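Respectively, the protein sequence lines represent chains Y and Z.
With the working numbering applied, the first sequence corresponds to residues 64 to 237, in that order.
With the working numbering applied, the second sequence corresponds to residues 64 to 237, in that order.
Just to be clear, a hint being listed does not mean it is correct.
Identical chains share a label here; the pair holds if one copy fits it or two copies do between them.
[Said to hold, decoys possible] In silico BS3-like cross-links for lysine-lysine, where the CA-CA straight-line distance does not exceed 30 Å:
| hint | residue 1 | residue 2 |
| --- | --- | --- |
| 1 | K205 | K219 |
| 2 | K73 | K145 |
| 3 | K145 | K160 |
| 4 | K219 | K73 |
Honestly, the hints are just simulated from the structure, not real lab data.
Predicted, not measured: the structure shown is a model, and the values here were computed from it.
Number of protein chains: 2
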Amino acid sequence: MSEVNIVIRKAIPADAAELLKVLQVLGGETDFLVMDDLGLDMTAVEMADNLALMYESPNNLLLVALLDETIVGVASVMASAKLSIAHIGEIGFSILKEYWGFGLGSFMMEEILIWAESTGVIRRLELTVQARNERACSLYEKFDFQTEAVMARGVKSDEGEFLDVYLMSRMIDE
Amino acid sequence: MSEVNIVIRKAIPADAAELLKVLQVLGGETDFLVMDDLGLDMTAVEMADNLALMYESPNNLLLVALLDETIVGVASVMASAKLSIAHIGEIGFSILKEYWGFGLGSFMMEEILIWAESTGVIRRLELTVQARNERACSLYEKFDFQTEAVMARGVKSDEGEFLDVYLMSRMIDE
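This is chain Y alone, in the form it adopts within the complex:
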């Protein structure tokens, strides 16, 4: 049995170049990516600036999962600066296919919840997930996310078929 070293931590500006590379791969290999806003078309310098802002943000979070110092997954919580909705964090997850099924999602979700409770700002976490993505749905249910809506035609598959998307949420209380 071999030993692996997994670290989950907040992304820092120095991760910019590697992160951009990983996001390219993730964008290509999964139907479930919800992280458009992370900016796949940024330069490394822009990404580094972005990461610095997120690192300091009271209501935004970007986590990286490192396996022996290589990024194999990312998780994000995005929230608005607008006061009326600054308490709502939208979660996005993306893990390299090779590393599915090792519990990385759970580790990252635990970190997200600990962080959310510590912010004092985030009071609602939400996410959307394709109904057919059973692995992800189970993960969210395990962490007490509730399905608020079945969004009809929430996404179209590569085959042109309309699919249901769940809107799920979890309240955060002090």
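Fit chain Z to the given chain Y structure using the hints.
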């Protein structure tokens, strides 16, 4: 009885300067504005470019309601360029308070539905609305929008109170 002349049409680049002014006012006077993406911090030149793009877009729409040639309301449908969700149009409405209750919302919604059916691309319209905004909810129900979710803590009022937000949708079929 005086006569007024109301025109509803697609926004054109020449509307840019006036539109920016109206959006400033709308941003200040309503809790219900959902059109952040229209870009209140754009210059008139950027806005004109943006309007030109929207005018030509197969799945984005910006309507203006003109009362005697002055913009008194706007309605937007925003959709992604991403193939998997390009069929989903998110509706935003904003009408100057002075002109509430004259049916402008209905006129604009009729135009939106006619446009959506003509696109061949849009197959789902969606919007979010504060549950307490009864006037808007009635309008959407009149046009057969269905409530898909009651989003708990979907918005925080100026008084710091968490309020429910409805997610509503309406399918578009040929």
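Open item on the list: Run through the hints listed earlier and report the numbers of any the structure violates, in increasing order.
Closed with: The structure breaks none of the hints.
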